[in-house]
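Asker: Let chain A serve as the given structure and place chain B on it in line with the hints.
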Amino acid sequence: MAPRDEPVPAAMARQGGPQRGGLSAWRAPQLSLRFWPVFLRNLLVWRKLAIPSLVGNIAEPLMWLVAFGYGLGALVGQVTVQTTAGPVQVPYILFLASGSICMSAMNAASFEALYSAFSRMHVQKTWDGIMNAPVRLDDIVLAEMLWAAFKAVFTATAILGVMLALGISHSPKLLLAWPVLLLVGIAFSCIALIFNALAKGYDFFTYYFTLFLTPMMFLSGIFFPREQLPPLVRTITDWLPLTSAVELVRPLFMDQWPSQGARPLLVLLVYTVVAFWIALALTRKRFRG
Amino acid sequence: MALLKVEKLVKSFGENTVVDDLSFSIAPGECLGVIGPNGAGKTTTIRMCLGLSAPDEGQIDYMLDDGAVAPLQMPRDAMAIKARLGVVSQIDTLDPDFSCAENLLVYGRYFGLRDAQIRARIPELLQFASLSHKAAARPGELSGGMKRRLSLARALVNDPLLLLLDEPTTGLDPQARHLMWERLQILLQQGKSILLTTHFMDEAERLCSRLLVIDHGRKIAEGTPRALIREHLEPDVVEVYGVGATAWLDAPFKQLAARVEVSGETVFFYTQDAKPLLLVLAERPELRTLHRPANLEDLFLKLTGRQIREDG
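So the sequences go chain by chain: A and B.
Residues in the first sequence are numbered consecutively from -4, following my numbering.
Residues in the second sequence are numbered consecutively from 3, following my numbering.
Here chain A stands alone, though its shape is the one from the complex:
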């Protein structure tokens, strides 16, 4: 038997050398402005469905706000929030509104980067079509990430508008909440795209929502202050992305500055960078071969 036909050396040769089978999926992202036409594509589709989707996006969070904020708020009364100016008493509706807007941004980004991105990637094969043109997979993932973040900001903006109209907060610092919510959208899009890359069907996303996002909703200080949590749980929840989002946004609603300073911002940025990298590598693996 000729040496090249022997199974063991051949298999070894196949694994040897970084060039065989292409580059590592974990190499640095190769991003360019070619992501823009992909983003525009999603925008054009959405423009056709914007009004009905907007109603769906903001109706549910507003129902929560009205039911819990006014209903439960009447029972709860005031809630104490730590700020740079020390403990401040705020009405429950303000407490809840400033937390739930983060939750809405999270949900909007997650839905878009899971169900909608999966439809485009797997069901419609839109990504395959795009990759036959001079657009890299890296740019498509970037476009999907930014698109989901855009939808999060859009939803948050609409809800913010209603909150302003209801007179829940008129803090001028709300202008700063806007870029923070963009970052929240970006962070959760990146995390969701990891699960998108791993999904075999839509069912998979139910796990992500029920096992990850829903518990986080209750542990991140949206409905009640985290001071109510056992100390150990509270320490763990310090590092959740949604906790960081709430810690940044809530003081801005109260016309205060975030008491934790740079830490929550840094936590969100670390989640964003690490999750994007993992999502990209897993997506590259999915499309390889």
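A few of these clues could be false.
[Said to hold, decoys possible] In silico BS3-like links for lysine-lysine, alpha-carbon gap of 30 Å or less:
{"#": "1", "chain 1": "B", "residue 1": "K256", "chain 2": "B", "residue 2": "K10"}
{"#": "2", "chain 1": "B", "residue 1": "K194", "chain 2": "B", "residue 2": "K136"}
{"#": "3", "chain 1": "A", "residue 1": "K168", "chain 2": "A", "residue 2": "K43"}
{"#": "4", "chain 1": "B", "residue 1": "K7", "chain 2": "A", "residue 2": "K120"}
{"#": "5", "chain 1": "A", "residue 1": "K280", "chain 2": "B", "residue 2": "K221"}
{"#": "6", "chain 1": "B", "residue 1": "K7", "chain 2": "A", "residue 2": "K280"}
{"#": "7", "chain 1": "B", "residue 1": "K10", "chain 2": "B", "residue 2": "K221"}
{"#": "8", "chain 1": "A", "residue 1": "K43", "chain 2": "B", "residue 2": "K136"}
{"#": "9", "chain 1": "A", "residue 1": "K43", "chain 2": "A", "residue 2": "K195"}
{"#": "10", "chain 1": "B", "residue 1": "K277", "chain 2": "A", "residue 2": "K120"}
{"#": "11", "chain 1": "A", "residue 1": "K120", "chain 2": "B", "residue 2": "K136"}
{"#": "12", "chain 1": "B", "residue 1": "K221", "chain 2": "B", "residue 2": "K194"}
{"#": "13", "chain 1": "A", "residue 1": "K280", "chain 2": "A", "residue 2": "K168"}
{"#": "14", "chain 1": "B", "residue 1": "K304", "chain 2": "B", "residue 2": "K256"}
{"#": "15", "chain 1": "B", "residue 1": "K7", "chain 2": "B", "residue 2": "K304"}
{"#": "16", "chain 1": "B", "residue 1": "K10", "chain 2": "A", "residue 2": "K280"}
{"#": "17", "chain 1": "B", "residue 1": "K304", "chain 2": "B", "residue 2": "K277"}
{"#": "18", "chain 1": "B", "residue 1": "K277", "chain 2": "B", "residue 2": "K256"}
{"#": "19", "chain 1": "A", "residue 1": "K168", "chain 2": "A", "residue 2": "K120"}
{"#": "20", "chain 1": "B", "residue 1": "K10", "chain 2": "B", "residue 2": "K304"}
{"#": "21", "chain 1": "B", "residue 1": "K7", "chain 2": "B", "residue 2": "K194"}
Quick caveat, the hints were computed from the structure, so don't treat them as lab data.
Just so we're clear, the structure is a prediction, and the values are computed from it rather than from any experiment.
Answerer: Positioned in the frame of chain A, the structure of chain B alone reads:
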């Protein structure tokens, strides 16, 4: 100088070697047909030519500019290469939420073309695809043939030099298929080059100036359709079918043919001269016979065998 030159390509998935030492090239203006059974490695080869799958070994070079000194290499120069290619994949990837015109506009943007540039080309592209009356229709409202033609029009949005078409007529009815062939012939007359994979031998014979027969990832024959038939087959075929046809194998008439093949209840006689055989058959009216010239399908079955490939 070849537009596309593929050399010693190898690709394995685990233990399974899908493309094995495959080399071929396409000259400007040529239509190269790649034919082979399911799982022969056709689609994997196209994916490697597009940089979507990385070869384990081998080289893929493109020469897309007259003045270029060095060829563009896949996957290194993937973006520059794809800017000059047009691709129709096996599965339609049209955007279901867009009209035909919007599909073309959005796809053109992926090539970095300006909206005004693309909009100016859209009527011409729709007309080429015989879809001018469907400009505002969405893909869901189109027939299979219309969708394939829209995919072809979309692949032309960047005015490509070379088209890579993966089974462009699979699943179409004869009318739609003929219209597609007619369009592809127009493109060839305009000087475009085409790499085409197909299961249809009449399609390969009609369109392709040269054929590549591959099986198990390996090239098993290459040449013009006519030359391949001449080289590998006797010119005449007599098919005999009906009750008792296979019993004929034992009959002395077998000597009247150069080669005999049996498939189910049909016997195929391949011969240089069919006359003596037909004379004998005339005395056996219970057997149905068909006398015809040897074609590409005979060649394909001879080279790749008659067994069903359902693992691809």
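Asker: Regarding the pair K168/A and K120/A, is the alpha-carbon distance no greater than 30 Å?
Answerer: Outside the cut-off at roughly 43 Å; violated.
Asker: Has the given pair, K7/B with K120/A, been kept, meaning a C-alpha gap of at most 30 Å?
Answerer: holds (28 Å)
Asker: For the pair supplied as a hint, K43/A and K136/B, is the alpha-carbon distance within the 30 Å limit?
Answerer: Holds, at about 19 Å.
Asker: Given the hinted pair K43/A and K195/A, is their alpha-carbon gap at most 30 Å?
Answerer: This hinted pair holds, its Cα atoms lying about 28 Å apart.
Asker: Run the distance test for K256/B versus K10/B: straight-line Cα separation, threshold 30 Å.
Answerer: violated (42 Å)
Asker: For the pair supplied as a hint, K120/A and K136/B, is the alpha-carbon distance within the 30 Å limit?
Answerer: holds (23 Å)
Asker: For a C-alpha distance cap of 30 Å, please report whether K7/B and K304/B respect it.
Answerer: At roughly 28 Å apart (the allowed maximum being 30 Å), K304/B and K7/B satisfy the hint.
Asker: K7/B and K194/B were given as a pair; does the straight-line alpha-carbon distance stay at or below 30 Å?
Answerer: holds (16 Å)
Asker: Please verify whether K277/B and K120/A have alpha carbons no more than 30 Å apart.
Answerer: Between K277/B and K120/A the Cα gap is close to 55 Å, so the pair fails against 30 Å, i.e. violated.
Asker: Does the alpha-carbon distance linking K304/B and K277/B stay inside the 30 Å limit?
Answerer: Holds - the C-alpha atoms of K277/B and K304/B are around 23 Å apart, at most 30 Å.
Asker: Is the hinted pair K168/A and K43/A satisfied, with a Cα-Cα distance of at most 30 Å?
Answerer: Violated: K168/A and K43/A sit about 33 Å apart, past 30 Å.
Asker: Between K194/B and K136/B, does the CA-CA distance stay at or below 30 Å?
Answerer: Holds: K194/B and K136/B sit about 26 Å apart, inside 30 Å.
This entry does not satisfy hints 1, 3, 10, 13 and 19, going by the numbered hints stated previously.
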